[in-house]
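Chemist: So the chains spell out like this:
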Amino acid sequence: MTRQRKIEDWALGAYADGELSGEAALEIEALLRGDPDAQLALAELKRHKAALKTAFDPVLAEEIPPAMKDALAEARVSHWPQASRRFLLIGSLAAAVALLVHAVDVRELANSDGSTIASAVRSAHAVYGSEIRHPVEIAGDQRDHLTSWLSKRLGQPVIAPDLAAQGYQLVGGRLLSLRDKPAAYFMYENARKQRLSLYVVINSEHRDTAFRMEEADGIMTCYWLDGPLAYALAGEMTRAEMEPIAHAVYEALDKT
Amino acid sequence: MAFKTELATHIPFLRRFARALTGDAALADDLVQDCIERALRKHELYDPERPMRAWLYTILRNLHISGLRSELRRGSSVTLDEIPNGSDAVPPRQEDRLVLADVEEAVARLPLVQREVLLLVALDELSYRDVAEITGVPIGTVMSRLSRARSFLRQQFDGDKEPRLRRIK
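The listed protein sequences derive, respectively, from chains A and B.
Throughout the first sequence, residue numbering follows numbering that gives the first Met the number 0, covering 0 to 255 in sequence.
Throughout the second sequence, residue numbering follows numbering that gives the first Met the number 0, covering 0 to 168 in sequence.
Next up, chain B with everything else stripped away, as it sits in the complex (with noise of 0.2 Å):
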């Protein structure tokens, strides 16, 4: 299949990934975007023996941390444990069912590290030495953050859990 053709395939489940990772669609797309056009520049780093998906993955992630790096803090390094969840912008609610706004909220307040290899894993089903390639994180981080991102979830949606999450007024 030729470059275009394929890296077209691709695209919903990049937007589907973006959309998941920002909780936003415009900030989504315009990720997707950024994607798309720095993979079209840069094909010829693509190694057509691995899998594109996971290659255009990377290419998204990358794109999204640089951005909140500039975000927060212009000129200087931000490591990635530094960037803060979007706790901030999405308020829990009371109730503890599980309705689709609570998985939407509940994956926004995860940490980015943990965030990413969640959607990687659980939407996506790559193996966890495809998320680990993407993330650049030895397989066991990998699978450290899932651990740590379904137990969260589970806070999240089960009432009889741990301290539920600070309060953010």
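Okay, chain A solo, but in the shape it has when bound (with noise of 0.2 Å):
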């Protein structure tokens, strides 16, 4: 049976964990003065919260594994990424393997004030984030048939990366071009209905560099290189929000 209480049980959650601004705090205890079940359920639930601390903090005394140390000493980090680099480099990948001759050149997609893969980005996601009847050329159930299509296009293999554990679903892609040379194009929604893209191209040159951030519009875009492609990605979001979603997508393609 459920419980006859005016306090939703994901609000005394909330208030248990400290999440509610003043306001809000003080309507829920307003609310528990007059619920006795509440005033229980609220002390059950700080139970179970001191109960998991008394299973797993025991953990916290231990002695660290020697392997870890290890890991530690002879790692050689030379330094702290400064906080106002806006590159931030992405280590060793696989080696590149065919170079295309007809290929977007590398160095005006790194370009710091061309960012041509950054605006082909944000204006495929103005364009066509915004498209509710037809959003895709394929859709994102047929996702072997997109992917293999666009890869014959792009002449290198491409992938959708699975976007599920950041909340986002494959909606489709369709095939872009930028400066007369193919270019792939994902777009991704979550339960929110908020939508994301991903662009890929060729790049040309074949050097890993960098993840770099920028806003315009009212758009986060990230782009780096990687080997035989270039990414980017763009969506309405915070620059921390974006930052996971970023990673996730270079992990998943780094497995490829």
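Since the hints were derived computationally from the structure, they do not count as laboratory data.
There could be a bad hint or two in this list.
Straight-line Cα separation of at most 25 Å, SDA-like style, residue types lysine to any residue; simulated pairs [stated by the list, open to error]:
1) K5/A to T140/B
2) K3/B to V58/A
3) K68/A to L39/B
4) K151/A to Q168/A
5) K45/A to S126/B
6) K5/A to I27/A
7) K192/A to S146/B
8) K45/A to P11/B
9) K45/A to G17/A
10) K52/A to Q154/B
11) K48/A to T57/B
12) K68/A to P50/B
13) K48/A to P137/B
14) K52/A to D101/B
15) K41/B to P243/A
16) K180/A to S150/A
These two chains come separately, so use the hints to put the complex back together.
Modeler: Right, here's the structure in full:
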């Protein structure tokens, strides 16, 4: 049976977790005073929280295994990444394979003023991201067909990474062009119908460079060059929201 | 603080999270080891303006999930919801007393997506926002997973509640 209470479980939880601001917390406290059931539920919730700590906190006092200490001692970490530095170097990647003759010049892609790929993904996102009826040419339920077609057009294996862990499902994709060269475009959407664009073009220089973020027109973009391909993400989100998605995309591609 | 020095201060917390997440001390330490090595290798991806603990937890939970995925189905993608919980490994007990073994068992029986959210909030006292970032879902999803995890715990620990788990023979 569900309890007959005025305070929802999630609100009680948020109160116990210190997530409520002053006014909302006061409101819960007022409701609690007249609701013995809710008081019991709150006490129970706190008891369970404490029980979790009691169960797992002893790990904190354990000696750190030597292998972990060794890994730390042996690693060469030259310096902190500078907060001001916009470029975050990507670590070593598998050696790039074929070099395509007709390809977008990566120096232009990486160029700080040009930011060709960033503006390309931004405009693709602005145009297709708001499209209700025909956002994509091939829908996400034909993922294999979509990626094999785009791979063929780009002349490189292209994948649509699985972003389910980030809350995004593949809507589908389409073929676009960037400076007369084919570009792959994938669209994702989360449960709140927020869309995310992924843009992939040939990286002619085979230089693994950078995660670079920039914001314009309310759209955050993140792009990087990785072996034979260059990638760019765009979405209406903050840098902090974009970052884990970019890492997830990078890691998914890293594994292929 | 230097990167390595700060990283070292988080190791006990990574180990606690991994232990509670996997329910297995050896597996947990392997995961933490991988996490530390990856963090060191990819240290340039770390944004020092953000809390290092959250960044490390993101790495650790992603390593955990990709490990589970490759165990389940090599080569093809598995969504988080398809990852089974630990109920097969831990048969439920008869008594309903809140003893430590019960807590560990109850946590192990939670679906992974609920387990990680509950642990990050209850053990690490991270904000819902941080948890949302680590797990890559909206805050609303964090709250509903947390709510479901807590109601599951209530069912586990209170005798008079909803149906017990199906018993696994």
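Chemist: K68/A and P50/B were given as a pair; does the straight-line alpha-carbon distance stay at or below 25 Å?
Modeler: 21 Å, holds
Chemist: When you check the alpha-carbon spacing of K52/A and Q154/B, does it fall within 25 Å?
Modeler: Between K52/A and Q154/B the Cα gap is close to 19 Å, so the pair holds against 25 Å.
Chemist: Is the hinted pair K151/A and Q168/A satisfied, with a Cα-Cα distance of at most 25 Å?
Modeler: Roughly 23 Å separates the two Cα atoms, so the pair holds.
Chemist: Against the 25 Å threshold, does the CA-CA distance of K45/A and P11/B hold or violate the hint?
Modeler: 23 Å, holds
Chemist: Taking only the CA atoms, is the gap from K5/A to I27/A under or equal to 25 Å?
Modeler: Satisfied, since the Cα-Cα distance of roughly 10 Å is no more than 25 Å.
Chemist: Holds or violated: K45/A and S126/B, Cα atoms, limit 25 Å.
Modeler: Roughly 16 Å separates the two Cα atoms, so the pair holds.
Chemist: Straight-line Cα separation of K5/A and T140/B no greater than 25 Å?
Modeler: 22 Å, holds
Chemist: Would the hint linking K52/A and D101/B be met if the CA-CA limit is 25 Å?
Modeler: Holds, because 13 Å separates the two Cα atoms, which is no more than 25 Å.
Chemist: Is the straight-line distance between the alpha-carbon of K180/A and that of S150/A 25 Å or less?
Modeler: 13 Å, holds
Chemist: Given the hint that K45/A pairs with G17/A, test it: the Cα-Cα distance must not exceed 25 Å.
Modeler: Holds: K45/A and G17/A sit about 12 Å apart, inside 25 Å.
Chemist: Taking 25 Å as the top limit, are the C-alpha atoms of K192/A and S146/B close enough?
Modeler: 23 Å, holds
Chemist: Within 25 Å, alpha carbon to alpha carbon, are K3/B and V58/A?
Modeler: Since the Cα atoms of K3/B and V58/A sit roughly 21 Å apart, the hinted pair holds (cutoff 25 Å).
Violated hints are absent here; each numbered hint is respected by the structure.
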